[in-house]
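Undergrad: Given next are the chains, with one letter for each unit.
2 protein chains.
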Amino acid sequence: MAKLCGRSTYLLERPPVIRAFAAVGGQKEKEGPLGDRFDFLSEDNLFNADSWEKAESKMQRLALKTAMNKGGVKKGDLNVLFAGDLLNQCTGSSYGLREFMAPFLGLYGACSTMCESLLMASVFVDSGLAHLAGAVTSSHFCSAERQYRYPLEYGSIRPPTSQWTATAAGAVLVAEEGPYPRVEIRRACAGIIEDPGIKDANNMGAAMAPAAACVLRRYFQESATAPKDYDRIFTGDLGEVGSKLLLELLARDHIDLSAVHDDCGLLLYDRERQDVHAGGSGCGCSASVLCCHILPEMLAGRYKDVILAATGALLSPTMVQQGDTIPGISHLIHLHFAEKEGD
Amino acid sequence: MAKLCGRSTYLLERPPVIRAFAAVGGQKEKEGPLGDRFDFLSEDNLFNADSWEKAESKMQRLALKTAMNKGGVKKGDLNVLFAGDLLNQCTGSSYGLREFMAPFLGLYGACSTMCESLLMASVFVDSGLAHLAGAVTSSHFCSAERQYRYPLEYGSIRPPTSQWTATAAGAVLVAEEGPYPRVEIRRACAGIIEDPGIKDANNMGAAMAPAAACVLRRYFQESATAPKDYDRIFTGDLGEVGSKLLLELLARDHIDLSAVHDDCGLLLYDRERQDVHAGGSGCGCSASVLCCHILPEMLAGRYKDVILAATGALLSPTMVQQGDTIPGISHLIHLHFAEKEGD
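Top line first, the protein sequences correspond to chains A and B.
Following the UniProt record's numbering from start to finish, the first sequence increments by one per residue and tops out at 343.
Following the UniProt record's numbering from start to finish, the second sequence increments by one per residue and tops out at 343.
If we strip away everything but chain A, and leave its shape as in the complex, we get (with noise of 0.2 Å):
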């Protein structure tokens, strides 16, 4: 059963086991570093289908569909789907996931959101109120460029400080059984809205860190581990800019993550080869790195304790239109590699 440590730490003591995993990509994101990696690419965009929005939520679906495979799931057996995205009214997930006919809690956490939602599957698998639970998110370039900032036809300028929202949507099958060697999730810790006083839409990195330090600082407090004591420590989407200023931040606390710190927007793309600035953001980003390197990584023994910190900028549009700062948040996940029982 699940024990709270401190604020909003949640051990897992009786660890969720991740069942399977599915990545769905586009065009760049086949052309980066983890392109061999993904379930499925397409090279169009669109997914076959007739507009970006209607793309994104065939994403998801597919992303579920592949992970429900590759874990032999049929769909009732899901007892309930956390999920969410960046579309106005998240429709990427409730558009992309009505089809399922499953229990469906509606999240928004902007690109934290898979943490977020695995945070809750975990925690509805471990307190015995699902033996499945599914965790979906995706994000789409061209929606999310369209809804955010500019139409894509405007072709705008991008400065050096922004992002690039991934295409791509990730899924994960959290169940209270499995066989070894698996990844567990251990410890979860739910973030706390920091707003550093950005309001540039073009610089989420710095609008993000302040937030992903705080859960990282609280977490190593409230879970009584260090830095030292994972293997690897990945932010979701800092990017560059938003990599650099977290390490800072944290320094000051004399907490040092240059060792074991990745940034998922850092490596889902090439930034020498591939025009995307700062790095990759988006929901999709860090789910689909989870999907195709972490989770990878673990199952072939590479890492043993993992920190995912999914990070979301709660950019509004018209918000920002109205004087308003970018508020930031971020959501963690303590994942374990179990070679046997006990390990």
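Hints were generated in silico from the structure; no laboratory data involved.
Please note: incorrect hints may appear among the correct ones.
Any copy, or any two copies together, can satisfy a pair, since identical chains are not distinguished.
Said to hold, decoys possible - Result set (DMTMM-like, lysine to aspartate or glutamate): computed pairs, CA atoms no more than 20 Å apart in a straight line: (1) K3 <-> E177; (2) K244 <-> D200; (3) K75 <-> E222; (4) K3 <-> E13; (5) K3 <-> E176; (6) K28 <-> E272; (7) K3 <-> D77; (8) K75 <-> E194; (9) K199 <-> E99.
Take the given structure of chain A and dock chain B to it, following the hints.
TA: The following block gives chain B in isolation, referenced to the frame of chain A:
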């Protein structure tokens, strides 16, 4: 500890207690039949802010602050907040609640949000992951009309099936313990997305009724209870059109709700006197009716067992413009009035 019944009905065996609650409303809500029951009412629908969106954030802030004052709760006591609203990127919640500096798990369930947040809060409290959790939501007529239909300045004609988005917010604090007499959350049920194929953004009642029928049908089965076991069964905001449809849909399965059914959308306004067409709607509708009517009536001993099934239309203007339909969802909680221990 919580127990899973069937697919997604949660039996809360150490039932979480409603510690305090508060409702905030605008001018029209003041003039309605529950007008004298709100904790805070503003004759100025801008709530002294300089945009409708900022007004909505302020309403959530006010609702939570008032509930905290009523419950004698300090900011640091909150283990976690569950909140969401209708605004794009749920800014009513994230901008409204950022100053509380509490762990924050954002939700998107459209007008079902009050039940979704209470379901989550109950699960976290029951499973020991929060001593105290908050559930908050809001809606605002002016921000919702602009976002979902037309700016108010267009003066567009509203058809008879249309509903009036409540300018209201509600906040409920859920605790692991509390003095008697008290209202407990005994069960909760997570709903499934139902899409009846409605394409008319002015007919939310019809879009949501099948989801309400689905969650009620399934809940009765999974909890082995029937309408006769409840003093009152409230739906969120089906209004006149959706309420009729709900009773018809359930009658087909030989479930007769007519003797105990009420709809929050039909309670908040006086349809004879106030120009709300088919009734009230919006996240703030069921949230404020819960806090102004249902909970006070229960604490006065008039209802012992109550179901609240908040209903959400997962309406997206973008998807409707692309010719897609409006899926609905409904989540449910069972409230119990306990006069003394063992009651």
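Undergrad: At most 20 Å between alpha carbons: which applies to K3 and D77, within, between, both or neither?
TA: Between. Shortest inter-copy distance 17 Å satisfies the 20 Å Cα cut-off; intra-copy 27 Å does not.
Undergrad: At 20 Å max between alpha carbons, let me know whether K3 reaches E13 within a copy, between copies, both or neither.
TA: So K3 and E13 pass the 20 Å test inside a copy (7 Å) and across (17 Å) alike.
Undergrad: My question is about K199 and E99: at a cut-off of 20 Å on alpha-carbon distance, are they close within one copy, between copies, both, or neither?
TA: between (39 Å within a copy, 17 Å between copies)
Undergrad: For K3 and E176, with the copy left unspecified, which applies at a CA distance of at most 20 Å: within, between, both, or neither?
TA: This pair counts as both: shortest intra-copy Cα distance 16 Å, inter-copy 14 Å.
Undergrad: As a check of your reading, is K75 near E222 (CA-CA no more than 20 Å) within one copy, between copies, both or neither?
TA: Between. Shortest inter-copy distance 18 Å satisfies the 20 Å Cα cut-off; intra-copy 37 Å does not.
Undergrad: Within, between, both or neither: how does the pair K28, E272 come out at a Cα-Cα threshold of 20 Å?
TA: within (14 Å within a copy, 58 Å between copies)
Undergrad: Is it within a copy, between copies, both, or neither that the alpha carbon of K75 lies no farther than 20 Å from that of E194?
TA: between (38 Å within a copy, 15 Å between copies)
Undergrad: At most 20 Å between C-alpha atoms: does K3 with E177 qualify within a copy, between copies, both, or neither?
TA: both (19 Å within a copy, 17 Å between copies)
Undergrad: Under a CA distance limit of 20 Å, which applies to K244 and D200: within one copy, between copies, both, or neither?
TA: within (18 Å within a copy, 48 Å between copies)
When the structure is compared with the earlier hints, no violation turns up for any of them.
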